[in-house]
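Trainee: Okay, here's what each chain looks like letter by letter:
2 protein chains.
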Amino acid sequence: MEYQIGADSIRLPKPVYIIETASVVGKKEGEGPIGDCFDMICDDDRFGADSWEKAESEMQKEALTMALGKAGLTSDAIRYIFAGDLLGQTIASSFGLMSFERPLFGLYGACSTIGEALSLASMTVAAGYAETVAALTSSHFAGAERQFRFPIEYANQRPLCSTWTVTGSGAFLLGTKKTNAKITEVTTGKIMDMGVRDAQNMGAAMAPAAAALIMNHMKDFERTQEDYDAVITGDLGKVGREILLELCDISGYPIDKCHFDCGMQIFDHFDQHTCAGGSGCGCSATTMASYFLPRIKAGKWKRVLFVPTGALLSPVSFNEGENVPGIAHGVVIEHEG
Amino acid sequence: MEYQIGADSIRLPKPVYIIETASVVGKKEGEGPIGDCFDMICDDDRFGADSWEKAESEMQKEALTMALGKAGLTSDAIRYIFAGDLLGQTIASSFGLMSFERPLFGLYGACSTIGEALSLASMTVAAGYAETVAALTSSHFAGAERQFRFPIEYANQRPLCSTWTVTGSGAFLLGTKKTNAKITEVTTGKIMDMGVRDAQNMGAAMAPAAAALIMNHMKDFERTQEDYDAVITGDLGKVGREILLELCDISGYPIDKCHFDCGMQIFDHFDQHTCAGGSGCGCSATTMASYFLPRIKAGKWKRVLFVPTGALLSPVSFNEGENVPGIAHGVVIEHEG
Numbered sequence: 001m002e003y004q005i006g007a008d009s010i011r012l013p014k015p016v017y018i019i020e021t022a023s024v025v026g027k028k029e030g031e032g033p034i035g036d037c038f039d040m041i042c043d044d045d046r047f048g049a050d051s052w053e054k055a056e057s058e059m060q061k062e063a064l065t066m067a068l069g070k071a072g073l074t075s076d077a078i079r080y081i082f083a084g085d086l087l088g089q090t091i092a093s094s095f096g097l098m099s100f101e102r103p104l105f106g107l108y109g110a111c112s113t114i115g116e117a118l119s120l121a122s123m124t125v126a127a128g129y130a131e132t133v134a135a136l137t138s139s140h141f142a143g144a145e146r147q148f149r150f151p152i153e154y155a156n157q158r159p160l161c162s163t164w165t166v167t168g169s170g171a172f173l174l175g176t177k178k179t180n181a182k183i184t185e186v187t188t189g190k191i192m193d194m195g196v197r198d199a200q201n202m203g204a205a206m207a208p209a210a211a212a213l214i215m216n217h218m219k220d221f222e223r224t225q226e227d228y229d230a231v232i233t234g235d236l237g238k239v240g241r242e243i244l245l246e247l248c249d250i251s252g253y254p255i256d257k258c259h260f261d262c263g264m265q266i267f268d269h270f271d272q273h274t275c276a277g278g279s280g281c282g283c284s285a286t287t288m289a290s291y292f293l294p295r296i297k298a299g300k301w302k303r304v305l306f307v308p309t310g311a312l313l314s315p316v317s318f319n320e321g322e323n324v325p326g327i328a329h330g331v332v333i334e335h336e337g
Numbered sequence: 001m002e003y004q005i006g007a008d009s010i011r012l013p014k015p016v017y018i019i020e021t022a023s024v025v026g027k028k029e030g031e032g033p034i035g036d037c038f039d040m041i042c043d044d045d046r047f048g049a050d051s052w053e054k055a056e057s058e059m060q061k062e063a064l065t066m067a068l069g070k071a072g073l074t075s076d077a078i079r080y081i082f083a084g085d086l087l088g089q090t091i092a093s094s095f096g097l098m099s100f101e102r103p104l105f106g107l108y109g110a111c112s113t114i115g116e117a118l119s120l121a122s123m124t125v126a127a128g129y130a131e132t133v134a135a136l137t138s139s140h141f142a143g144a145e146r147q148f149r150f151p152i153e154y155a156n157q158r159p160l161c162s163t164w165t166v167t168g169s170g171a172f173l174l175g176t177k178k179t180n181a182k183i184t185e186v187t188t189g190k191i192m193d194m195g196v197r198d199a200q201n202m203g204a205a206m207a208p209a210a211a212a213l214i215m216n217h218m219k220d221f222e223r224t225q226e227d228y229d230a231v232i233t234g235d236l237g238k239v240g241r242e243i244l245l246e247l248c249d250i251s252g253y254p255i256d257k258c259h260f261d262c263g264m265q266i267f268d269h270f271d272q273h274t275c276a277g278g279s280g281c282g283c284s285a286t287t288m289a290s291y292f293l294p295r296i297k298a299g300k301w302k303r304v305l306f307v308p309t310g311a312l313l314s315p316v317s318f319n320e321g322e323n324v325p326g327i328a329h330g331v332v333i334e335h336e337g
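These protein sequence lines are chains H and G, in that order.
The opening residue of the first sequence carries number 1 in my numbering; numbering runs sequentially from there.
The opening residue of the second sequence carries number 1 in my numbering; numbering runs sequentially from there.
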């Protein structure tokens, strides 16, 4: 097929532009080192709702509404929405996006969801199926802790390898209308299970999938880290990043000179006590939208490989003694001169 | 854009062929009126595994392996897998499909998942991104009851409007290689919430979304039921079907002459005590793969609108007092002469 590159990648038949983005985050994220970059910071982590899950839905609604507003568009302009989240049956998306009344493709890629959403959204636009589409996702610290680990009222101790789920939602509008940032390539991830059984160590669970994706991507396009201004993973945190760099080195595709991780940017892990860093679908979505993307738009970075990472953690499978496999989804974002 | 038809539909740039399918079901489904059609019936609803969730993963693994075997292909031939299921964090798919080591797009569309998967899979092939892809899904009666309602050991009473989650997995291989059945058009659904709050009445929760999708589809393509040999919904059951027929009639796009529902075909609701009919992701996937598709392949039916239907039921949102919204995803399957 004409657009297949190597075993796992495609080059889009035409570039798909990032028309506009918006990020909505909670108080803690707003107080972090990149707090100034976000579009909206809410002092109330319930976002006016009466449950954590509804709060997360509110964030998605706000993020998409704001992205539309910034782009001067109404929801009618969106042909498809690609969205998902961490909650069982992806309720943050279902309830948050209902009122837009747009055709919806619900996704589940754990914390890699924005990578999966940007992949399918850009493939859809590049194929000529749509002029403008939306890709978005979210996570909420309290909702995620309750679902996956312990209710926060338990005040359980957090090991240093644990990550802190970001309360936030990032929305991207993609389309054919030319802007100064575009998605040009997609590399799709496979599930990898390296035997991690620790629900508090998501970085270790995700690093192998991220390393495999980066290696497969470089192999498919016959490139090295010299060809990128940055390779940006989603939410590996400090522990996952170390594993990633070592695995990439061993695989012959080192990324030590250009690697960034959204989870390590969003919080100050000393002052904010977030242990290994930030995590959750909202981590990579908001950090890319508000912190990294402006560098690409400004032309400081010409080509970036964005690799949101997900740990396929489920309370049911975990309690049944299963491992926590990982997945990653990669898209190349380039500056349009 | 060149392939957009009306507000919610696309006509694929080239037809995408259904290369092969496979269906794996449990004992009860095998004893039902269309039991003879399925490829594999397992007497043990645990499928050799030690939990219901792992059993569901086993079914997906078996279904995809069998579809590949029937097509004379190995997993290397699959460029992408599009899959999902009902379980939180879609663990049936994650754990069931890991060993194929193929690029995976995880989906969540509740019981409409096979519609969503066939939509995105055929869009991907038609765009030239892949030669062969897989679309599959599953559900398991015991896993679903435990997650969404009551553990089956409680032996709770089932109201007559309730449906019985099908234990089964249906897998489709789609590609460019010509066969006698093809996907030609896609209509994508929006979430609809008509206020249903009864976790035992999924038919009522889904019928409005199905009716809206059928109406939007007919409007987009300027057709009526006369243009179809069949309009096949996923798992509305007896109660949902009645609502659907009435809503379609009111909307000016009646489908009374050609409507079928997979949930009403798979069980004998009197003899098998399944109340309003079958449901679950596996219901529409297995019934289409093994019962309806052969009619299209044989040319008895020339054009069918397949509309898997999903109720966005989540134990968390439901327990927090939320409604159960519905969604539907439509694809047109045509005979290739």
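A few of these clues could be false.
Stated by the list, open to error - Label pairs and their in silico Cβ distance ranges:
#: 1; chain 1: H; residue 1: Gly48; chain 2: G; residue 2: Gln157; range: 36 to 42 Å
#: 2; chain 1: H; residue 1: Arg197; chain 2: G; residue 2: Gly72; range: 35 to 41 Å
#: 3; chain 1: H; residue 1: Asp44; chain 2: G; residue 2: Pro151; range: 46 to 52 Å
#: 4; chain 1: G; residue 1: Ala49; chain 2: H; residue 2: Arg223; range: 39 to 45 Å
#: 5; chain 1: H; residue 1: Glu2; chain 2: G; residue 2: Asp36; range: 55 to 61 Å
#: 6; chain 1: H; residue 1: Phe270; chain 2: G; residue 2: Arg197; range: 43 to 49 Å
#: 7; chain 1: H; residue 1: Asp271; chain 2: G; residue 2: Gln4; range: 33 to 39 Å
#: 8; chain 1: H; residue 1: Lys14; chain 2: G; residue 2: Asn180; range: 47 to 53 Å
#: 9; chain 1: G; residue 1: His273; chain 2: H; residue 2: Gly69; range: 16 to 22 Å
#: 10; chain 1: G; residue 1: Asp36; chain 2: H; residue 2: Gly48; range: 51 to 57 Å
Since the hints were made in silico from the structure, they are not lab data.
Keep in mind that this is a model prediction, so the values were computed, not measured.
Where a beta carbon is used, it is the ideal one built from N, C-alpha and C, also for glycine.
Trainee: If a hint holds in the structure, say so; if it does not, say that too.
Mentor: Consistency of the hints with the structure:
1. The hinted window of 36 to 42 Å between Gly48 of chain H and Gln157 of chain G holds, with their beta carbons roughly 39 Å apart.
2. In this structure the hint that Arg197 of chain H and Gly72 of chain G lie 35 to 41 Å apart at CB holds, the actual value being about 38 Å.
3. About 37 Å separates the C-beta atoms of Asp44 of chain H and Pro151 of chain G, a value inconsistent with the hinted range of 46 to 52 Å.
4. Here the CB-CB span from Ala49 of chain G to Arg223 of chain H is close to 42 Å, well matched to the stated 39 to 45 Å.
5. Restraint check, Glu2 of chain H to Asp36 of chain G: a C-beta distance of roughly 42 Å breaks the suggested window 55 to 61 Å.
6. Between Phe270 of chain H and Arg197 of chain G the beta carbons are some 47 Å apart, a value that agrees with the proposed interval 43 to 49 Å.
7. Range check, Asp271 of chain H to Gln4 of chain G: about 50 Å between beta-carbon atoms, so the 33 to 39 Å window is missed.
8. In this structure the hint that Lys14 of chain H and Asn180 of chain G lie 47 to 53 Å apart at CB is violated, the actual value being about 33 Å.
9. For the pair His273 of chain G and Gly69 of chain H, the beta carbons lie near 53 Å from each other, so the given range of 16 to 22 Å is not met.
10. Look at Asp36 of chain G against Gly48 of chain H: about 56 Å separates their beta carbons, and that is inside 51 to 57 Å.
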